[in-house]
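Number of protein chains: 2
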Amino acid sequence: MSVERVLLTHGGGGRMARSLIENIVSTFDNPALNRMEDASPIDIPAGVGEPLKKRSAGAVAQWQPRIVMTTDSFVVTPLFFPGGDIGKLSVCGTVNDLATAGAVPAALSVGLIIEEGFPVSDLERVLSSMKKTADSVPVPLVTGDTKVVEKGRGDGVYISTAGIGAVRPGIELSPARIEEGDAVLISGPIGNHEASVLSARNDLSLGVQIESDCAPLSGLMQAVIEVVPEAKCARDPTRGGVAAVLCELAESAGCTILLDEETIPIDEPVQGLCDILGLDPLQMANEGKMIVIVPGSKVQTGLEAMKSVYVGRNSVKIGEVQKGAGRLIMKTPYGTSRIITMPVGNQLPRIC
Amino acid sequence: MSVERVLLTHGGGGRMARSLIENIVSTFDNPALNRMEDASPIDIPAGVGEPLKKRSAGAVAQWQPRIVMTTDSFVVTPLFFPGGDIGKLSVCGTVNDLATAGAVPAALSVGLIIEEGFPVSDLERVLSSMKKTADSVPVPLVTGDTKVVEKGRGDGVYISTAGIGAVRPGIELSPARIEEGDAVLISGPIGNHEASVLSARNDLSLGVQIESDCAPLSGLMQAVIEVVPEAKCARDPTRGGVAAVLCELAESAGCTILLDEETIPIDEPVQGLCDILGLDPLQMANEGKMIVIVPGSKVQTGLEAMKSVYVGRNSVKIGEVQKGAGRLIMKTPYGTSRIITMPVGNQLPRIC
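Residue numbers (the working numbering), protein chains in the order written: chain A, 1 to 352; chain B, 1001 to 1352.
Note that these hints are calculated values from the structure, not bench results.
Among the hints, erroneous ones may be present.
[Said to hold, decoys possible] Once the Cα atoms are required to be at most 16 Å apart in a straight line, the calculated EDC-like pairs of lysine to aspartate or glutamate come out as:
#, chain 1, residue 1, chain 2, residue 2
1, B, 1317, B, 1251
2, A, 323, A, 122
3, B, 1151, A, 150
4, A, 323, A, 275
5, A, 151, B, 1115
6, A, 331, A, 260
7, B, 1151, A, 179
8, A, 151, B, 1150
9, B, 1151, B, 1124
10, B, 1132, B, 1029
11, A, 317, A, 304
12, A, 151, A, 115
The following block holds chain A by itself, in its conformation from the complex:
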């Protein structure tokens, strides 16, 4: 673009707005978006209409994928942090919400609320990060909108993404299906995203740099579903962390979830940061981790599938579902156990 900073007039409907939008469109460059229509056509990914293990020419027309929709707004500060930025985050968050439904992402939309004076170079950096992440899924960004607010009425840029995905017939991930005997798997160590943002925000010198785990997980979920189509439920533990997600699932399912503290993977620098600041890693936000609940008999198959994808290489089983009254219980290495309750607020505002 020919200017260095976003101006209020870029938020209008005229030539300047169009130049901003053309700049954005050229970053993402796909047929649906390039049309620059107010509403963009969606292609449902080929093959999703067929149920797993039932692929036959005659059956195709009988099956329709279910369409699911999700949205997330992103207000993370700082906008750039080790391992990611608000652009990457805004694609991962929405793709991962689709993944929790077992969906193959079909399309994303983006709404930008830009603060007057925001450097165009930062905007371009954020957009190309979105593009790179979306391409890695892959999912096209098919439509978008930009608004500009006065200086002091925003904070650089806020991003809202919405996503559409398609779910294969026969896949039904839902907390209602969780039952006694199921196992709780997680795709890797927890707390890295929140620890990364926390250190970046406060300019903490910790000796080591903690990177956000920020990553799209739809590929990991598709790998699981391919071999364990009977998987029960999946959740990405973002705000409120593993504690919030599992408290909610235990309550919805009306079962006890028993976590084994020794098995919960936490990277050493994250644990160190938590120890110093008195934070609970179980409540720390993740942006590239998936909790998958599978039948007890499918633990090995599920873990192998998760580990076959790079972002899931450190997947482990961390707990079991038992009969009970909807509680989350942690078994400590000392043989004792304690009830974990739903976090009340958040440890750190604006982590995503």
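With chain A fixed as given, assemble chain B onto it according to the hints.
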């Protein structure tokens, strides 16, 4: 809710966030949203899979509606203005973008970015306005997200809505289809939304209160398509007004669009406000008007369909498409004509 103002902790992932979200979910109360999943199932409205005038039992399975997606962010100030508020606007804007594609709205999502300290009563007012407007379409709000930013990093509430719609087979609204001999129809008088926001913002005492035209137009577009399936293109003239939309269409289509100034409907108070402040009504934003381009032979049929819907009761023909080099030309009542160029910026920031 049990508190009067939104707190930063309402943006976390814990119990307080959940209470805020439950409050929102209970406002909209539909099966997809009530599941409170990260990604919500979408039902494509029944019948949209069948092409018009080709309905027969055997043909149904052969036809699929096209799915389209759109998004918009809303930062209007003030949040409440005569004839609407940011909640109503956020539903209308997205529904109307779907309508420009000829789509029947299937689902909406909402992302709220709330400023710390925002009165909960105002939030509830905005949400119930969204609900009322969505019900009138009707379209379910199936998924959402809330974030809270510190005081001074927002302005009350910003709303991002995304929408999915389904387009009947055979309907293809696109600027590329515009050609010589087509007619330009508009669903009523222009400029009311921007005039309403402008007077509300500046507390102008004009003697009369100008109400925003803010309204969902998917019903109007369906009425047109039912009788004029060969309609060429539709646009809602929001930011940049009729001038921006028609300049863009003339350019895309590579035709001249000739407007007849005498036929362009403008309410007297809006014209008065424009005269006093030196604003061009043609550049004023509308939030409840649709420009529809139809073949010249279908003007009467199209207008009758538009007028059959209450929001289109004042529909008129305002122009014609002629051979030419992609320009918008206005014929004045004095027999002269002038070229109208794309507005550069905007007359008023944050009108939507």
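Structure-based check of each hint:
1. B/1317 with B/1251: Between residue 1317 of chain B and residue 1251 of chain B the Cα gap is close to 20 Å, so the pair fails against 16 Å, i.e. violated.
2. A/323 with A/122: This hinted pair is violated, its Cα atoms lying about 51 Å apart.
3. B/1151 with A/150: Since the Cα atoms of residue 1151 of chain B and residue 150 of chain A sit roughly 15 Å apart, the hinted pair holds (cutoff 16 Å).
4. A/323 with A/275: The hint is violated at about 33 Å.
5. A/151 with B/1115: It holds: about 15 Å lies between the C-alpha atoms, which stays within 16 Å.
6. A/331 with A/260: With Cα atoms ~5 Å apart, residue 331 of chain A and residue 260 of chain A stay inside 16 Å; holds.
7. B/1151 with A/179: Violated. Residue 1151 of chain B to residue 179 of chain A sits at ~44 Å, over the 16 Å cutoff.
8. A/151 with B/1150: Holds, at about 15 Å.
9. B/1151 with B/1124: 19 Å, violated
10. B/1132 with B/1029: Holds, at about 12 Å.
11. A/317 with A/304: It holds: about 11 Å lies between the C-alpha atoms, which stays within 16 Å.
12. A/151 with A/115: Since the Cα atoms of residue 151 of chain A and residue 115 of chain A sit roughly 6 Å apart, the hinted pair holds (cutoff 16 Å).
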